[in-house]
Amino acid sequence: MSGTFVGMPAFPAAAHEAVNNQTLRGNLRHATHTIRAKRAKAVAEVSDWAALREAGKQIKDHTLRHLDRYLVQLEESVTAAGGTVHWAADADEANRIVTRLVKETGEPEVVKVKSMATQEIGLNEALEAEGIRAYETDLAELIVQLGKDRPSHILVPAIHRNRGEIRDIFRREMGEWGRPAPEGLTDTPAELAEAARLHLREKFLRAKVGVSGANFMVAETGTLVVVESEGNGRMCLTLPETLISVVGIEKIVPTWRDLEVFLQTLPRSSTAERMNPYTSMWTGTTDGDGPQTFHLVLLDNGRTDTLADEVGRQALRCIRCSACLNVCPVYERAGGHAYGSVYPGPIGAILSPQLRGTQSEIDASLPYASSLCGACYEVCPVAIDIPEVLVHLRERVVEGGEAVRNGNKVLLKPAKGHAAERAAMRAARWAFSHPAALRTGQRLASRSRRLHPRTLPGPGRAWSGTRDLPAVPAEPFRDWWQRTNGGKGGAK
Amino acid sequence: MSSRERILGRVRRALADVRGEDGPVERAYLREHGERSVEETVDLLAENLADYRAIVHRCTEGELAVVVGRLLAERGAKKVVTPAGLPVDWLAATDAEQVPDHAESTPDELDRVDSVVTGCAVAVAETGTIVLDGGPDQGRRRITLVPDHHICVVRVPDQVVSSVPQALDRLDPTRPSTWISGPSATSDIELDRVEGVHGPRTLEVVLVSGDRPSTAAES
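Residue numbers (my numbering), protein chains in the order written: chain A, 1 to 492; chain B, 1 to 219.
Misleading hints may appear alongside valid ones.
As the list claims (entries may be wrong) - Lysine-lysine pairs mimicking DSSO-like chemistry, simulated, CA-CA at most 30 Å apart:
1) A:Lys-148 <-> A:Lys-203
2) A:Lys-148 <-> A:Lys-103
3) A:Lys-57 <-> A:Lys-41
4) B:Lys-78 <-> A:Lys-103
5) A:Lys-148 <-> A:Lys-208
6) A:Lys-409 <-> A:Lys-57
7) A:Lys-103 <-> A:Lys-208
8) B:Lys-79 <-> A:Lys-208
9) B:Lys-79 <-> A:Lys-103
10) A:Lys-103 <-> A:Lys-203
11) B:Lys-79 <-> A:Lys-203
12) A:Lys-38 <-> A:Lys-57
What the hints assert, rightly or not - Covered stretches of chain A, as calculated for chain B (at least 3 residues, CB under 8 Å):
13) 53–62
14) 85–99
15) 346–360
16) 462–475
Quick caveat, the hints were computed from the structure, so don't treat them as lab data.
Beta carbons: idealized from backbone N, C-alpha and C, even for Gly.
Working from the sequences, and respecting the hints, build out all of it.
Okay, structure coming up:
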């Protein structure tokens, strides 16, 4: 994955800046709290939620376990239905393929459905460099594109913007890209949505090439599924003559029937609706209806490296609902930009360091962007144990060890900046395996407890800057146990 | 080596630790939620459609033409696009000009049409969803997208199922399908739902039952 935001500082530095931005914190708090209560209600409506969640998890695990077989089956099905399948090992290759396909149509512009995969590979920038303009048509993506901004949420990339900011961006920027914002535009959401409708309509009606991702690909039938709300997806999927879909290889489900699970869990988890307004399904091309040329670009870009990790591979079950972002106390305060990736929040903290590797400063810091409270695991509709993967990745950052990068086994060095942590762990290991030394140390600690500082000196200062040091008891536990015979007889 | 071979090779190496076959997926979830009579299922569909701001009307087959005519007149629709296989009597009581759906019509032409009238393939009560699959009374996908007003006729109770799993059972994966739950909407401004973006901003659903009283269906 090449999508590291250039010059991105590590998470703590970026988050520090974000938590001091009062507007941002207010916007995020309002939005995440609104959706939290709604999601809980939508989930409570279905009595078999736990069974749906378990089935979703099992379907995804089964698919990943036989991913090679299902990829080949999908390729056959899509080809038989009139589509053309391309394989892209990394972002550069995917961008080259899409750019070539657009150039072959001779068109200078494309309309885009919101897609995480194309965000991840930086497709818009790659097309721009070749003189092709890509118009984002999802409302939130439009806000981000017009505001020359970065996405900060998987589902609602402009979640960090409030209605007033959106109005200002529309007034200022729409004229540069096409039809200007209506005179006297106010900040009511309905008027803002109307402004987007008018601005984008001319682009939809003249579009010859559409670019999308997909939420699901069905191996047995070759069907692709896009789940959306506004109708911009339907516009891009049906009006153009050529459709190019860029989809991560983990988006496969084996059978048509498998959709019955995810079409119930995804809308309730993401927008807290029984069903989202529009879902489009298409299988190759259909004579006389919709694009007559269809290309599917299957994207690896770090996914097979993630698959090679026995603990970390569960991140590939993700269906990008963003429920984990909405419940995360860290995301709510730090915002999406601090994660330095198109995938923010808890899922981003385990996905980005696996797709991109843990070498960069930001990626090495992401497994720490969590309090391990577990709310993300609780709401995940495919039961990804995000805290488990976070701890696993922390170990990889601190200890180094074997990992797979670009398909090759590599031996990672322990990351810099964790020397104190490693030293402390080494000391603990030594002490716990030398009982006499442990006993002496504990007694010494108890007797000297009045002299203990409230913060640690040296490299421990940062750690104790935000935490209270635990108070040492007057008597070590083992001494108490021996003195009282294990507390029998009520001795204190 | 092609990228196809490279990716498939990486997948196989990544899965080297995985041994043996896995069991079948446990599908302990329900085929439908709760028990309802046929009439209650239709009522639930009406309720959930309305909950997501679709406008619901109910009538018998004999009344359908008048209802469709009235809805088009109330909208002030001058031009209405019609799928090739739409029953002609559905539009027997309207003065609006009928624009047939054909392969050559451009998106711009469709943009000048006021309304569209279609049937549907199936409707899902639990989610308030109508599904179109390009059948003769539904036409090409774009005709229900570009006009701002969509009237969709659902034959009840025949076309109504309770749940998403039952709807998928009825659909043919080789046909392009569009699942519609209320009019176009967005949650992109402060994660709050607002109706009306790019798709039809007004969705009217007519639940049409046979001329005989529907109690016959239950006996």
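Legend entry - Violated hints, by number in ascending order, as checked against the structure: 4, 9, 15, 16
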